[in-house]
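Protein chains in written order, with the numbering used here: chain A, 1 to 156; chain B, 1 to 500; chain C, 1 to 915.
If you are wondering where the hints come from, they were derived from the structure by calculation, not from laboratory data.
Even glycine gets a Cβ: it sits at the ideal position worked out from N, Cα and C.
A hint or two may mislead.
Said to hold, decoys possible - A few chain C residues that don't get close to chain B, going by computed Cβ distances all over 10 Å:
1. Ile48
2. Asp298
3. Gly604
Stated by the list, open to error - The calculated DMTMM-like cross-link candidates involving lysine to aspartate or glutamate, where the alpha carbons are at most 25 Å apart (straight line), are:
4. Lys23(A) - Asp236(B)
5. Lys283(B) - Asp16(C)
6. Lys23(A) - Asp239(B)
7. Lys271(B) - Asp16(C)
8. Lys761(C) - Asp570(C)
9. Lys648(C) - Glu290(C)
10. Lys28(A) - Asp425(C)
11. Lys23(A) - Asp425(C)
12. Lys147(B) - Asp52(C)
13. Lys23(A) - Glu483(B)
14. Lys23(A) - Glu262(B)
15. Lys28(A) - Glu155(C)
16. Lys28(A) - Asp383(B)
17. Lys283(B) - Asp22(A)
Unchecked claim - Here are a few chain A residues that sit away from chain B, every Cβ distance over 10 Å (derived from the structure):
18. Gln50
19. Tyr66
20. Gly125
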Amino acid sequence: MRTQYGTRLAEALESCRPVPPDKPNILKTLLAVQAGLGYVPTSDLPQIAQVLGVTDAQVAGVLSYYSDLRTQPSSRHLIRVCRGESCTANHGLRVLLAIQDHVCVAVGGSTQAERFTVEQMSCAGNCAVSPTVIVDDEMYGRVVPSQVAALLERYE
Amino acid sequence: MVRLYLANDTSSRAAGAGRLADAWSERPEIQLIRTSSRGAFFLEPMVERDMLNGREAWFNVSPNDLPRIVAGVGGTPVAEIPFLQQQTRFTFANFGITEPLAIDEYQTGGGLKGLAAAQGLSPEAIVEELRLSRLRGRGGAAFPVWKKWQVAQQARAEQKYVVANADEGDAGTYCDRMIMEGDPFRLIEGMLICARAIGATRGFIYCRYEYPAAAQTMRFAIQKAREADLLDCDDDPFDLEVVVGAGSYVCGEETALLESLEGRRGVVLAKPPYPAESGLYGKPTVVSNVLTFATIPNILANGGAWHASLGTEGSCGTMALQLGGRVKQPGLVEVPFGLTLRDVLDRFGGGMIPGSRFKAVQVGGPLGSLFPESQLDMPICYDAFAKAGAILGHGGIVVYDDQTDMVELARHFMAFTADESCGKCTPCRVGSVRGREILERIQRGQGTAEDLILLADLGETMKATSLCALGGRAPYPVLTAMEHFPDEFRNKLSAFSRQQ
Amino acid sequence: MNLTINGRTVTAESGDTIFLAALKAGISIPSLCVSHQLAPFGSCRLCICEIDGQSGTPASCTTPVRPDMVVHTEGDRLRRHRHNIVELYLSEQPEGSGTSGPLRELALACGVDRVRYPAGAHSTRASVRDDSNPFFIFDNAACISCARCVRACDEIQGTHALTMFGRGFSVRPTAGGGSLISETAAFATSNCVSCGACVKECPTGALMEKTVLEQGMPTSIVRTTCAYCGVGCAFDAGVRDGRVVQMIPADDGPSNRGHACMKGRFGWTYNNAPDRLSVPLLRRGNDWEEISWESALDLVAQEFTRIKGAFGPDALATISSSRGTNEENYLFAKFMRCVIGTNHIDNCARVCHSATVTGMMDTLGASAATNSLQDLDVAQLIMVVGANPTESHPVVGSRIKQAHRRGVPLIVIDPRRTELARLADLHLQLRPGSNVALLNAMGHVLVKEGLLDRAFLAARTEGIEDWIKTVSDCSPKAAEAITGVPAHLIGQAARLYGSSGASYCCHGLGVTEHRWGSHGVIALCNLALATGNIGRPGTGINPLRGQNNVQGASDMGCLPTFFTGYQSLDDPKLATLHQTITGRPLPTKRGMKTPDMWDAAIAGRLKGLWIIGYDVAQTDPNLKKVREALKQVEFLVVQDLFLSETAKHAHLVLPGASFLERDGTFTNLERRIQRIRKAVDPPQGILPDWRVVCEVSNRMGYPMSYRHPSEIMDEIARLTPMFAGVSYDRLDQHTGLQWPVPTVMHEGTTLMHQETFPKGKARFVAVEYLPPGEAASKDYPFVLTTGRILQHYNCGAQTRRTDILELVDTDVLEMHPADMERLQLRDDEIVRVVSARGEALLPVVGSERVLLGHLFTSFHFPASTVNDLLSSSADDSSQCPEYKVSAVRVEPIERDELDPEDEVELRHMRRQLIT
Ligand SMILES: Nc1nc2c(c(=O)[nH]1)N[C@H]1C(S)=C(S)[C@@H](COP(=O)(O)OP(=O)(O)OC[C@H]3O[C@@H](n4cnc5c(=O)[nH]c(N)nc54)[C@H](O)[C@@H]3O)O[C@H]1N2
Ligand SMILES: Nc1nc2c(c(=O)[nH]1)N[C@H]1C(S)=C(S)[C@@H](COP(=O)(O)OP(=O)(O)OC[C@H]3O[C@@H](n4cnc5c(=O)[nH]c(N)nc54)[C@H](O)[C@@H]3O)O[C@H]1N2
Ligand SMILES: Cc1cc2nc3c(=O)[nH]c(=O)nc-3n(C[C@H](O)[C@H](O)[C@H](O)COP(=O)(O)O)c2cc1C
Ligand code: SF4
Ligand code: SF4
Ligand code: SF4
Ligand code: SF4
Ligand code: SF4
Ligand code: FES
Ligand code: FES
Ligand SMILES: [Mo]
């Protein structure tokens, strides 16, 4: 387990090792690590910094800035509910509440069996088909609260 | 075998196009072509097929509708869809027609003419053409494009950059996404023209994290363009790359965007220096919005004067308006500047969703002002909006109905700013949180009349002193809500305060 | 250009901001986040202004001036916004946390008498307090998230130890990975080098010196100069109740411009160390007897008179202190020459840059930095040879990093991957002791590729043919075999150096402390001459002189071979002048260099020795021999602040006054003579060193009656053409004076050799590569280099008596990780290092800073006995010891060889490598 993790981290870092004259790119690296591992483990921050030739502080600053970088692994399925204006106008809040009720978890939290993590997101660019819910990589539009149960059924 | 056209963009899929495609994937009687979307999203999933008199469309199709479509029954000629008929499509001319990644189709539809024209012009002449076109940036600030290009052109540097701002952070906007997913070569062509004009050999498309499909389509398109030998700038290879953000609204602001592009914290920098003088890695950089770049090929192909002839005095060309919220017909509307808000909502929006009544409309994303019914005769153009203290922004139009709680909406906007503030300057960093807290107090019934005064006072300071438009514009939706719906606020004050 | 601010016409330069233009005109605009040390930022928004014809209220600190603009910085609208902003600041201070002074003042000025946001009903700053740095604390309650600290660490210090963390309301500064890992110990776990730049920039006191927190704000300020390294940083010593409580680097300090390093900024508390010497100590067998100053001075006079009478003047010698003032050094030399009648005087430049002195004298005819530190602002290329400025001269290191961030290319020639080497565009990682081979090969490329400055060569130099002949044999390929540096890198370095337009070269002990150290210096000078990189701004040969006054000690004639200002001892004109002014003849016979003194002592020829502020028993090489010599001397006087290793051998120990307790001048590494000023009284009536010489001299029948060091300087000026224009009146200007200052009208010399060299033309001296004194062998397979680390200073007597010990409390042996693995050693394991001379016990750590087969350690802790390992091998012409190359082997040790106490101590070892 640990070794697989190690390999994936190493691969992610290797793909971002700066090639002169390009400068090290911290954000790109963190996104690559997240793509490989699902999150950016803070314990590996010094290693990331070292590979990039930057300081721990520089990495921590970037990691703490972007809301899409996560430092904890999320559950098997990530539900993101749009909180943009069009979705808001179309009562996206009710959908969010329905989802929270259904899976019994607050925004930012994970369900007990680590099945779902629920998050809000900024406008998904799907405003004309809002309100919008994204589960993992699948986007759903014109979602109404009554559909929530059936929709989540598909995710084990 | 019948050729059917089905849009493959994110919203069409969210509306069910994906499910259609899955359901029909094994059907031998049809060949399914995945195109871009026409932007009439209220009709999606929409299926089209070629008929004798051009294409016909079936609306809101479900899998069982296939026999009907194959039989050619019940379709509407696309040319007769009012929503589309009344539009003036230049930038979005290909939408719904072409396959996004087919270069030949792009070219058949008139693509690459602008680039060819630009290649016949000197860099100075390209800028001159843009000056004549009177094109203003579509990202929000509406700055004359030629001026920016000229500064970058005249700057001396061994390296210059072209950056497409594909952060499209304003909620309620999606035209940049549509361009990237639906007509990617148009963006590439616009960037190449810019590269030639300023002498850049490297370009980046900074795409928000929320748009994975757009980023992926752009990557494929770049690859195709490279294979077709399109990517060069005066014989130097033009190196174009898609870079993805990580969830920060401020990163749409150009200086923060460049910081983020360099991999740092996406914090706003004070200007000057402007990016055109000293941008990415300290080098001259043109940062323009995706829609801006996508408008440029037609300008070069048809001439600056052509573009200047469209629209109004101060706002030339067409604008891509994006309708959302409680309108009956949400979708993309490309029209020349100058129509009134009411026109757009009635003629294109088709009025309100049945059962809901109009309350307010917000133009220009989360930083845009709210307009009540009484202000709907406002013409859509930069000057009229500026005069009203409002912004057109990136052309997002969100309609709210009478179920909307204006206090909650105001709180929502302040909370948005508080969440997205980069934290660099005090009025926004602390002020947005204080603003949110005041509104929360009011919602809890603990607000006082003094709180409303304080909120207005705070709003004025945020407007006047914030470093960037996030803090500087955040008060607008809040203060316009208070201005137009004062009773909703007053009624929520503490009982004691209401009596006074 | 002119503009109008608040109705007044104000002159500004293009590029100025409105804020700066106003400041220059004496108009102050409320502000918190602006700093003239830092790039425009615009965080607090207090400095807003109104500009006629422009809507809005831009920040004046980020808005550049335009000709004829009309600006208003006061007015109702601005006042109201400022009020509201200060109110926002106050609203985020947690309840019960005392509002910081500056913020309170601002609130008063902006009329914020109450915060309209109801107390307790809103979010406040997280309570985060990090006191893990030994010298300062961070308290988030008082912070305003202006990022000045972060910007200081980035832009001034270049360490990037800080970041703003999070975003929005909660954004706050933190060190390292701090807030993700350990909020309250973020500093301790970061790469912070405690330079203090962040503390100085903090406008609110959220970052604050512990000394000030504990002892209170200073009540008076005295301008003085740091007494550690040769950078000569100007400081304002803050004094309260007769004690120094704060040292703040001065913004108008010419060499430091407001910056400093850990040692000068925080490492001065040894001044109050409990074991500071306060009374003279007389040896009684193995014990010390405290005696009065009277009897101590009598004793010195008596013994010196006795020895001189019995054995002649040449049985006496003095080693003067490069830590002392110019005036003291001059007086010690005068004492030896006029009272004793010998030239047996030396100073610790001997073990340091003596090879620079001979090498530069031979080629350029003057032995000091040719250019100034300000030249780093205009250099087009910087080449650092055998120096580690980010640790040894940290302020210079920072300035080099600043230049490099601006895009100036950097070449580092060093066997170790130092911090600058890591950042450099080119790092030539040569084998220790192979400088000449490498530099000659660079010369080879310059000749071959026609990169010589022919016009300069013809007009200003002689002897180029010899040099061309010599370097023609030194192809980069041949050099690659000797140095281990790939030939193509040597070529690249030569091309960069030869074609930049202005190449600034600085060097350190990696050039001088070698068997052929002078040759290394000569080879560098040859390169500079060949490319015309001398006599122009941004160029030159710039030795990074080590101690605060090592330049001055030599300038003052504390050398066995030169009088003041490097005047020849046998100059008849000088002889006359000397006789006239001092009333005594100038001895002409060359004296003994320090190593000669050890030989003479062991041979019984040297009977009396006076050592001032120099811990030879710890810092000279081949310590067994040095100790032996010290034991042989009949009468050894040692004058120091502490009972140093050397003092432990003395017959009489005299306490010294520290730099905070006396007046005088130091000369820094750019020849800049600067004042030190008495800030506090020395303990228990200690006499400053200059008074001690006077007293002894008086007692020996040669009266010295100076009332103040300024009178000594006047005498120096009369005796020395180079200093003729120097006087305390003139030194009171904050820039000091850079020698030569030939007349009272002369402004001093920032740039030497502009038109001619002292001897007319400069001379090429052809030197060939010769191997170091020792090479790795079967028995001693490693090459050991010794040098310094940032945190401690030389013998460590001072830094070990400060809280720096909390950061680093041991010398460590750095070994390449692959060697560690081969020898199966673990980090922090204690090993025995053995040379042909002796052995030392050191903890070993894996370090990518050293090459395979190469070891590095510092020499700051007597307990590690590093210098027992070293030989007496030294540079031929200067006697500069070969500290940089010793053949050693490394052995694991048995557990029982350590006593349990040692073991416990070593287990808790603290160290920090600067990479
Ligand atoms: N913190 C701190 N600062 C100090 C001092 C201190 O003790 N501590 N001491 C002061 C004094 S007295 C002095 S003289 C200065 C000295 O300052 P520096 O000259 O920087 O002294 P070192 O660290 O001894 O050596 C410098 C570099 O020479 C390199 N070197 C070793 N051998 C060779 C070689 O053959 N060729 C080349 N090119 N490089 C080589 C070493 O790897 C090392 O990085 O520092 C002064 N400043
Ligand atoms: N292994 C190894 N050894 C080295 C070197 C190396 O690179 N490697 N470098 C050598 C070099 S370059 C140098 S310069 C020497 C330096 O070696 P030293 O000169 O021995 O060391 P310092 O610590 O500079 O100061 C010596 C003494 O001066 C005292 N002192 C400080 N200020 C005053 C004062 O104001 N008055 C008086 N009276 N005394 C004062 C201090 O307490 C201290 O005991 O070390 C050398 N030794
Ligand atoms: C808070 C903030 C967010 C912004 N977001 C975007 C964005 O998402 N997309 C965009 O094109 N411009 C955005 N901008 C405007 C950019 O700063 C910049 O003006 C624009 O990219 C320039 O392109 P244009 O000239 O084509 O409009 C934003 C500005 C601010 C202050
Ligand atoms: S404000 Fe009115 S008149 Fe002016 S450009 Fe806009 S539509 Fe035309
Ligand atoms: S207004 Fe907000 S987002 Fe813009 S710079 Fe200030 S804190 Fe950052
Ligand atoms: S003390 Fe110096 S190195 Fe440490 S954080 Fe502050 S500025 Fe950076
Ligand atoms: S610690 Fe001081 S300098 Fe740093 S952000 Fe806080 S107030 Fe500013
Ligand atoms: S750089 Fe040198 S002079 Fe400056 S503070 Fe540090 S030790 Fe003192
Ligand atoms: S507002 Fe939710 S998708 Fe745009
Ligand atoms: S001083 Fe100008 S914004 Fe703070
Ligand atoms: Mo030294």
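Against the structure, the hints come out as follows:
{"no.": "1", "hint": "Ile48", "result": "violated, 6 Å"}
{"no.": "2", "hint": "Asp298", "result": "holds, 68 Å"}
{"no.": "3", "hint": "Gly604", "result": "holds, 68 Å"}
{"no.": "4", "hint": "Lys23(A) - Asp236(B)", "result": "holds, 22 Å"}
{"no.": "5", "hint": "Lys283(B) - Asp16(C)", "result": "holds, 21 Å"}
{"no.": "6", "hint": "Lys23(A) - Asp239(B)", "result": "holds, 16 Å"}
{"no.": "7", "hint": "Lys271(B) - Asp16(C)", "result": "holds, 14 Å"}
{"no.": "8", "hint": "Lys761(C) - Asp570(C)", "result": "holds, 23 Å"}
{"no.": "9", "hint": "Lys648(C) - Glu290(C)", "result": "holds, 14 Å"}
{"no.": "10", "hint": "Lys28(A) - Asp425(C)", "result": "holds, 24 Å"}
{"no.": "11", "hint": "Lys23(A) - Asp425(C)", "result": "holds, 13 Å"}
{"no.": "12", "hint": "Lys147(B) - Asp52(C)", "result": "holds, 23 Å"}
{"no.": "13", "hint": "Lys23(A) - Glu483(B)", "result": "violated, 50 Å"}
{"no.": "14", "hint": "Lys23(A) - Glu262(B)", "result": "holds, 8 Å"}
{"no.": "15", "hint": "Lys28(A) - Glu155(C)", "result": "holds, 24 Å"}
{"no.": "16", "hint": "Lys28(A) - Asp383(B)", "result": "violated, 40 Å"}
{"no.": "17", "hint": "Lys283(B) - Asp22(A)", "result": "holds, 14 Å"}
{"no.": "18", "hint": "Gln50", "result": "holds, 16 Å"}
{"no.": "19", "hint": "Tyr66", "result": "violated, 4 Å"}
{"no.": "20", "hint": "Gly125", "result": "violated, 4 Å"}
In terms of the numbered hints stated before, the structure departs from hints 1, 13, 16, 19 and 20, listed from lowest to highest.
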